[in-house]
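These are the residues of each chain, in order.
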Amino acid sequence: AQKITQTQPGMFVQEKEAVTLDCTYDTSDQSYGLFWYKQPSSGEMIFLIYQGSYDEQNATEGRYSLNFQKARKSANLVISASQLGDSAMYFCAMREPSGGYNKLIFGAGTRLAVHP
Amino acid sequence: DVKVTQSSRYLVKRTGEKVFLECVQDMDHENMFWYRQDPGLGLRLIYFSYDVKMKEKGDIPEGYSVSREKKERFSLILESASTNQTSMYLCASSLLGEQFFGPGTRLTVL
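Residue numbers (this note's numbering), protein chains in the order written: chain A, 5 to 120; chain B, 4 to 113.
It should be emphasised that the hints constitute simulated quantities derived from the structure, not laboratory data. All values derive from a computational prediction rather than experimental measurement. Not one of these hints is a red herring.
Among the chain A residues that face chain B by a calculated CB cut under 7 Å, a handful are:
#1 F39
#2 G47
#3 E48
#4 M49
#5 F51
#6 Y105
#7 N106
#8 F110
#9 G111
#10 A112
#11 G113
With the Cβ distance kept under 8 Å, some of the chain B side facing chain A (calculated, not the full set):
#12 N34
#13 G45
#14 L46
#15 Y53
#16 L93
#17 S97
#18 L99
#19 E101
#20 P106
#21 G107
Glycine included, each C-beta is placed from N, C-alpha and C at the ideal position.
In isolation and in its complexed conformation, chain B is listed as follows (with noise of 0.2 Å):
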């Protein structure tokens, strides 16, 4: 089975802090997407990579970085967290078909 594991399922973290999300998949995948999830807006693309060192905006980059050094980690950095970046993170791989997600963070910026 295809696991993808982030590093927090729960974060708390102060206005002006540097967050750093992880995300690793175990099946070798080309793909790998970063998501926020916002009730009544469903799930919006913050980034995705193809492959290691490549990476692309999605619909909302802004306020956001990614890093992908190795095939199966892609990291999801916001360099000076801010209140409106409170929300529920999912990290997710595919090669053709399906994406398969990992459990998600819950980031709270007080």
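Chain A extracted, bound-state conformation (with noise of 0.2 Å):
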């Protein structure tokens, strides 16, 4: 079965440090998605970057870039220079490969603390 985990439940780094929250997944399909999304205490979920299973670039959006490593099936998400704002719950997901619908199954979750 499809599984996406964060192994990181919190993580604190220093004003405009960079820092990597771990996501890795399982699947047995070629073809997949994964995303990234942020949730801060208000509670809306913000999209953030997305890498293709067959994407030869590393997904970056701003000071976001994915860590894609395919053989090692993970999906790091790297920000550079944090930020206090980018205080919030982070959540790493995977698009269903199989059944379309573009269903996605979500990780855990990492709680990121900025601190200045």
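Could you fit the two chains together into a complex? Lean on the hints.
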């Protein structure tokens, strides 16, 4: 069965430093997609970045990059130059490869605290 | 911008009550989803819908039902609320790419 694992319940980082949030996934399919979402304390889920399984380059969006290591089945989120506003829950998700409908499977999340 | 709205941010209900959570999206998306979010468990899919009047069970459908009479609206129904349904409920919609989420409803069942 498909599964997303985020092994870090909580992380902290100093402002302006980089931080890596871990995500591993389990699937037997060749075609899949990986997403990262941010959830601030207000509760809304904000889409950050997407990586397709066939994409050869690591995805980047501003200060966010996705370190995609297909053989290791990992899709770690790297946030460069952390800001106080980056303090939030972060969820890794995988689009279910089979069955269509764009369903996502989510990990348990990592709570990031950015310290001044 | 895609907008997904949910009828309430906070809701308090009593055990045994029938509860309706409403979700509306304005981008003509085919797919809509209901999740519940609990600490340490991430988001778990309750039900989803891929078209009007079409619905599919997710991973935890027990105790819930859904209704999709119009494309833009997807309702989650708790037929008889129980205390173990106290949770954050998130609605989302999508076409092919990322899912767009509503602000969430924090439901407390007393």
